[in-house]
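These protein sequences, in sequence, are chains A and B.
Start counting the first sequence at 1; every next residue gets the next number (this note's numbering).
Start counting the second sequence at 1001; every next residue gets the next number (this note's numbering).
Worth flagging that the hints you see were computed from the coordinates, not collected in a lab.
One thing to keep in mind: the hints can contain errors.
[To be verified] List of simulated lysine to aspartate or glutamate pairs, DMTMM-like, C-alpha gap at most 25 angstroms:
1. K190/A <-> E60/A
2. K1056/B <-> D266/A
3. K134/A <-> D62/A
4. K289/A <-> E317/A
5. K1056/B <-> D280/A
6. K295/A <-> E1035/B
7. K203/A <-> E322/A
8. K281/A <-> D1051/B
9. K70/A <-> D115/A
10. K197/A <-> E322/A
11. K262/A <-> D1054/B
12. K289/A <-> E1035/B
13. K289/A <-> D1196/B
14. K328/A <-> D266/A
15. K284/A <-> D1051/B
16. K189/A <-> D151/A
[Said to hold, decoys possible] Below, a sample of chain A positions facing chain B; criterion: calculated Cβ distance under 8 angstroms:
17. Y149
18. T218
19. D219
20. K220
21. L253
22. S256
23. Q259
24. L261
25. K262
26. K281
27. S285
[Claimed, not checked] Computed Cβ-Cβ distance ranges for the label pairs, DEER-style:
28. F1326/B <-> K150/A: 34 to 44 angstroms
29. K107/A <-> N1091/B: 50 to 60 angstroms
30. D1051/B <-> L198/A: 46 to 56 angstroms
31. N249/A <-> L1024/B: 33 to 43 angstroms
32. S1216/B <-> L127/A: 53 to 63 angstroms
33. S92/A <-> L1185/B: 27 to 37 angstroms
34. T1230/B <-> D280/A: 52 to 62 angstroms
35. M290/A <-> A1225/B: 47 to 57 angstroms
36. I1055/B <-> Q205/A: 50 to 60 angstroms
All C-beta atoms, glycine included, are put in the ideal place defined by N, C-alpha and C.
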Amino acid sequence: MRQNDEITKISDDSLDDNVYHYHLIYLVLLMSLLSPLLFAALLLLPLSFISQQSHAVTIEHDAGTLTLDKTPTRIVTLAFSFVDALAVTGVSPVGIADDGDKNRIIKSVRDLIGDWQSVGSRYQPSLEAIAALKPDLIIADSGRHHSIYKDLSLIAPTLMLQSRGITYRENLAVMQKISRAVDKSAQFKKRLKKHQKLMLDLKNQLHNNDTYQFAIVTDKGMWLHSPSSYAGSVIKELGLNSPMTNNINEPYLQSSFEQLLKTNPDWLLVGQYTEHTVLDKWQKSPLWKMLSVAKSKQLIHVSASVWSLTSGMLAAEQIAQELASHLKQ
Amino acid sequence: MNILSSARQSKTLTPALLLSTLILGFIISLYGQSEFSLQANDLWQIMIAPDSQDIKQQVILSLRLPRSLVACLIGFNLGVAGLLMQGLTRNPLASPTLFAINSGAACLMALNSIGFAFFSALPSELATFSGALLGGLLVFSLGGGLRSDSNALRLILAGIAVNGLLSSLTRAALIIADDTAYSILHWLSGSFSEIDWHSWSQLWPLSLVALLLAFSTSRGLNLNALGEQTANSLGINITWLRVRVCLAVLLLTSISVTLAGPIVFVGLIAPHLARALFNNNHLVLLPASGLLGAALVCWADLLSRSIIPPAETPVGIITALIGTPFFIFLVLKGKL
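All chains, full assembly: derive it from the sequences and hints.
So this is what it looks like as structure tokens:
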């Protein structure tokens, strides 16, 4: 029995030993199987920590800095150019200060975004209408809405950015800021590349020595948009010349007929705000025939809302394509 | 002419100086501050060698000449209108602005620009002119109109009230206008930049009628200066005088504001200057105040082009800039 015991013990021992070996093998096997997972888990640990806070972006804007803890989803914009910025990154605002007329948003922008609520005019947006939409981000025009910045900030985090009187490049910088705020930097970069290629292609196609001038006309007068205005800087970006030589730092310059005669562009692109304009009167004058645009019939009527009211990537593309189509004719 | 010749020698020198200031301003404004670097020589060339293909000559003939003529005539109109207002109300602070003509014109013009109701159907100039007439008639009727017991104070109070109403409407329209607001604002400061021969042909016939009417009231205004009751007892029909004066002021100011926008202070300053330089006879004061207004507006228009060329500063701002210090000077000197 004792021997038996011995045997049993031995066998037990050997069994134990075997079991131990098996355990080791299992452990090694398990380790080798799990290690990539563990490794990945170890790697992901700080990453997951970051991704939880990845929306904590800090953006410098015209009224200070704004930190957003999560990606805003209910956005209200108080200027047209900001809608363009959201549209190119596939974000739809819930509210727009559209002056109560949806057609104020140009079609190329309208097509990319969903329906929105009007929050009144850009000049005097309704704070109540904005608050009713429960936004988590308001993008306001620092030129217009400076005085209501505090009120807007009480409703939701507010970005104050420039919308009017800035150039094409300045506008792109503003657009980039907006894309960061809504966590769409990657989409924006991709779209920007496509945009820059389009602009460059058109620039190469359009190359010539004529001078181009965009102007807004009303029944009260004509305003020339210089190369420091939005439309003017898009024209410049396309490598086209401006007929203006002085006061080019002033974006909009009121022009009498005498000044137009002096500026005398080869191409005059006009956007009308009113049905009857001073141009109707000027065209009857004997001096009209002395203008280059009258001799070459290069007076072109364009959409004031695309060329002047809106600014942004889509508007710039439309301006560039419109110019290209007229030049090819 | 009797009055002029009987005046003291310094008083015959004054009209000569006044006229030459006006003529000088007129000539300089024909070629001054141009993008085309026009010279006085170009004026001479037009007379000796007219050339319809020369752009400089064409600029002077089709843009500068009507502009200077209109500026002078509007200045003349406003000067006369101001004197009429002060003569009628016997109040040194009265001016055509009191009649709410400017604010009426501005109001309807702004409503027209934003496409408000049926106003948008009217041509802009017609809307402005009817606004001017409407504002003026409203003040006239609220201020007593044809009633014999009405007095000048009532007219002034009516003017203040109507002015307030119309300017608040204009402001509301401006807020709605937004994108076109800057073009309306520019118009609201008064400008001659859109003047052409068509404007001149609209201006002179109406001005002529209104000026003749104005001069026909000068004797009545002389007597009115003694007080309404005295004038009445001297055989002046005050109601009839008031109607004629108001009609003249209405026409003179309405046509001016329609073409060039509200040009302030001219109607206030020119009469005071005229009184300081000449005697108190309205037969002399009327042309004198008119000429002073013309010279003032002509030089102001010239200045408006020279401050930040090639952009034009609205001429109404210049007249206010010249007018305000002058007005303060008058107050300090105790001339008011």
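Evaluated hints:
no. : hint                                   : verdict
1   : K190/A <-> E60/A                       : 23 angstroms, holds
2   : K1056/B <-> D266/A                     : 20 angstroms, holds
3   : K134/A <-> D62/A                       : 23 angstroms, holds
4   : K289/A <-> E317/A                      : 33 angstroms, violated
5   : K1056/B <-> D280/A                     : 22 angstroms, holds
6   : K295/A <-> E1035/B                     : 21 angstroms, holds
7   : K203/A <-> E322/A                      : 13 angstroms, holds
8   : K281/A <-> D1051/B                     : 23 angstroms, holds
9   : K70/A <-> D115/A                       : 23 angstroms, holds
10  : K197/A <-> E322/A                      : 17 angstroms, holds
11  : K262/A <-> D1054/B                     : 13 angstroms, holds
12  : K289/A <-> E1035/B                     : 18 angstroms, holds
13  : K289/A <-> D1196/B                     : 16 angstroms, holds
14  : K328/A <-> D266/A                      : 15 angstroms, holds
15  : K284/A <-> D1051/B                     : 19 angstroms, holds
16  : K189/A <-> D151/A                      : 33 angstroms, violated
17  : Y149                                   : 19 angstroms, violated
18  : T218                                   : 4 angstroms, holds
19  : D219                                   : 5 angstroms, holds
20  : K220                                   : 4 angstroms, holds
21  : L253                                   : 6 angstroms, holds
22  : S256                                   : 4 angstroms, holds
23  : Q259                                   : 5 angstroms, holds
24  : L261                                   : 7 angstroms, holds
25  : K262                                   : 4 angstroms, holds
26  : K281                                   : 7 angstroms, holds
27  : S285                                   : 6 angstroms, holds
28  : F1326/B <-> K150/A: 34 to 44 angstroms : 43 angstroms, holds
29  : K107/A <-> N1091/B: 50 to 60 angstroms : 59 angstroms, holds
30  : D1051/B <-> L198/A: 46 to 56 angstroms : 49 angstroms, holds
31  : N249/A <-> L1024/B: 33 to 43 angstroms : 35 angstroms, holds
32  : S1216/B <-> L127/A: 53 to 63 angstroms : 58 angstroms, holds
33  : S92/A <-> L1185/B: 27 to 37 angstroms  : 35 angstroms, holds
34  : T1230/B <-> D280/A: 52 to 62 angstroms : 55 angstroms, holds
35  : M290/A <-> A1225/B: 47 to 57 angstroms : 54 angstroms, holds
36  : I1055/B <-> Q205/A: 50 to 60 angstroms : 34 angstroms, violated
Against the hints set out earlier in the document, violations occur for numbers 4, 16, 17, 36.
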